[in-house]
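**Student:** The whole structure should be built from the sequences, with the hints applied where relevant.
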Amino acid sequence: MRNNYSLIFITLGLCALIFGAFIGVLISLVYINPEFFKDVLPFNQLRPMHTTSVVSWIILTATGGLYFYLTRVDKIKLAFPNLARAHLGLFIITGIGIYFSLFSGNMGGREYLEYFPLLTVPILIGWILFGINYFSSLVGKVKDWPVYYWMWGVGLIFMVYHLSEAHFWIFTDIRNDYIKDLSVQWKSYGSFVGSWNLLVYGTAIYLMSKIKKDSNVGRGKKAFFFFFLGLTNLMFGWAHHTYIIPAQPWIRYVAYVISMTEWIIFANIIYSWAKSLSSKEKKENALPYKFLMVSEIWVFLNIVLALLMSIPTINYYTHGTHITVAHSMGTTIGINTAILLASVSFIISNLYGKVDVLKSKILRIGFIVFNISLLGFWLFLVIGGIYKAIWMSNPENVVFGDLHESSNSIFITFIFFGITLFIGLFMIVVPMISKIYPYCFMPKDEDED
Amino acid sequence: MLGVLVCLVTIYNIVLYTQDTDRSSAPLMSESAMKGEHLWQSNNCTACHQLYGLGGYLGPDLTNIISNPTKGREYAKAFFNSGVKSMPEFNFSEEQKESIVAFLEHVDRTGIYPNTNAEFGYSGWVAIEYK
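Respectively, the protein sequence lines represent chains A and E.
Mapping the first sequence onto our numbering, position 125 (from 1) lands on 125, and the numbers just tick up by one.
Mapping the second sequence onto our numbering, position 21 (from 1) lands on 470, and the numbers just tick up by one.
Among the hints, a few may not be true.
[Unchecked claim] Partial list, derived from the structure: chain A residues whose beta carbon lies under 10 Å from chain E:
#1 CYS15
#2 PRO42
#3 PRO48
#4 LEU102
#5 GLY105
#6 PHE168
#7 ILE179
#8 ASP181
#9 MET235
#10 THR313
#11 MET392
Keep in mind the hints are simulated off the structure, nothing from the lab.
Quick reminder that beta carbons are idealized off the backbone N, C-alpha and C, glycines included.
**Tutor:** Structure representation (structure tokens):
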């Protein structure tokens with residue numbers, strides 16, 4: 001069957017976002033009604049469905065975008081189109097396997113990788129196939145790579161390495177030493193997120209370059225400086241997740257120094273780009289531009305939070321609280337999702353050959369609801385985290401149920417914003433799916449370009 | 450530049466993977482503790498519970514539940530088979546409960562969380578207390 005694999009990746013990503021957001025609403029309700037949904041699927045199976053779906057949204061949509069930009073926009077002929085189809089097929093089959101594993105309760109139980117561990121093997125094979133295709137299509141054929149090609153290529157290599165590293169617990173030396181195991185596990189997660197950030201931020205710089213119709217956006221010294229800074233953070237800046245575990249102090253010192261450098265250059269690049277954009281370019285790319293601007297606001301909010309959390313004295317109080325969740329929500333929804341929705345909007349405009357194809361009242365309202373809800377959701381997670389930090393710092397507070405009960409009003413508020421966030425996303429994503437889906441199985445194939 | 454970074458991270462990783470966490474007083478994990486860890490993971494306990502503040506937010510952190518004078522191993526065991534409303538209805542055998550306790554005992558011996566005797570420096574650094 002002929003297919004447009006890049007668009008199928010993206011459609012599946014959009015479906016994963018809606019499904020993940022819906023499951024997110026279900027799991028949040030357990031906070032105020034402990035037995036909610038327990039007979040159908042208990043919390044320990046529901047939560048990984050949420051995290052897996054949301055991570056899948058980022059991975060699938062970034063991947064689909066890369067295939068689309070290479071073949072449809074940059075007109076690069078893939079060296080092995082069949083490998084791209086195999087990549088898609090592997091991810092679809094593995095995705096089904098992951099949901100089956102979580103639904104049946106046959107889990108591996110490592111945070112964020114809770115599915116049956118052997119399912120990582122086909123995921124790794126999929127990434128390796130993608131890497132072979134990517135480098136075979138570009139190396140020696142495209143000269144003077146812009147920074148986003150480097151970011152995507154290096155991101156792909158590190159995805160393979162850090163996903164493998166997350167399974168180093170299979171080695172006895174690591175597994176037998178709980179602290180080392182915990183350190184390696186969270187190191188791999190920090191770097192794994194850094195790897196997908198390279199794919200997503202590379203996409204953001206690519207979009208800026210295309211919207212501005214200026215290839216220098218991805219070739220400036222500042223862009224390359226940011227790339228190396230991000231890469232250094234990916235490699236060494238992970239340990240602020242684990243300041244509090246009794247690992248070797250030098251690991252924590254290195255992380256403290258490195259993590260202080262994060263984010264700033266990226267915000268600077270977006271700011272400079274937006275300032276230099278003409279009103280004609282903004283109007284022509286209204287939706288991608290709006291989403292990129294939203295991601296800029298979230299970059300700034302998360303700069304503040306991430307920098308504060310990276311100071312050990314503050315991290316001592318925020319660690320293990322909902323402030324950590326606010327940070328991950330701010331980055332995955334605020335930054336990554338906004339950039340990827342900009343990417344999808346750009347791709348839809350490209351498919352239809354006109355810029356106003358997504359112009360609708362529903363989408364406009366959805367955009368506003370999404371942003372207000374996310375801000376409320378984020379703020380109440382921060383408030384919930386501060387409340388828990390204060391509670392934990394009082395040695396007289398020992399009964400966890402007391403904390404849970406006294407946090408009820410905070411939970412209710414962030415659940416409310418969680419529901420409206422889902423509604424906002426639904427209003428944005430469904431029109432996007434309806435525009436992309438008809439192109440998924442059209443006769444024209446990427447490798448014909 | 451890329452080559453330098455890759456060399457540095459290779460050295461960093463090798464040291465990290467091979468260096469012992471010798472400041473921990475915990476011995477290597479026993480066979481029973483490993484069985485307990487397997488049960489902990491296959492039931493995805495981390496969806497709700499934290500160890501060293503890492504994990505879910507629905508239930509309490511269990512890093513030092515065993516050495517906590519007001520809780521301890523019997524208290525922990527009593528909760529394993531559906532101790533509270535939000536917990537799934539587990540059906541652990543006595544042997545399995547002992548294994549999970551052995552795992553939690555091992556974790557408990559590795560360190561302290563929350564690290565209430567940590568010392569705060571003016572540089573923003575926190576010197577944590579090791580067991």
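**Student:** Taking the hints in turn, state whether each one holds.
**Tutor:** Tested hints:
no. : hint   : result
1   : CYS15  : 23 Å, violated
2   : PRO42  : 4 Å, holds
3   : PRO48  : 6 Å, holds
4   : LEU102 : 9 Å, holds
5   : GLY105 : 8 Å, holds
6   : PHE168 : 7 Å, holds
7   : ILE179 : 4 Å, holds
8   : ASP181 : 9 Å, holds
9   : MET235 : 4 Å, holds
10  : THR313 : 5 Å, holds
11  : MET392 : 6 Å, holds
The structure fails to meet hint 1 from the earlier list, while all remaining hints are met.
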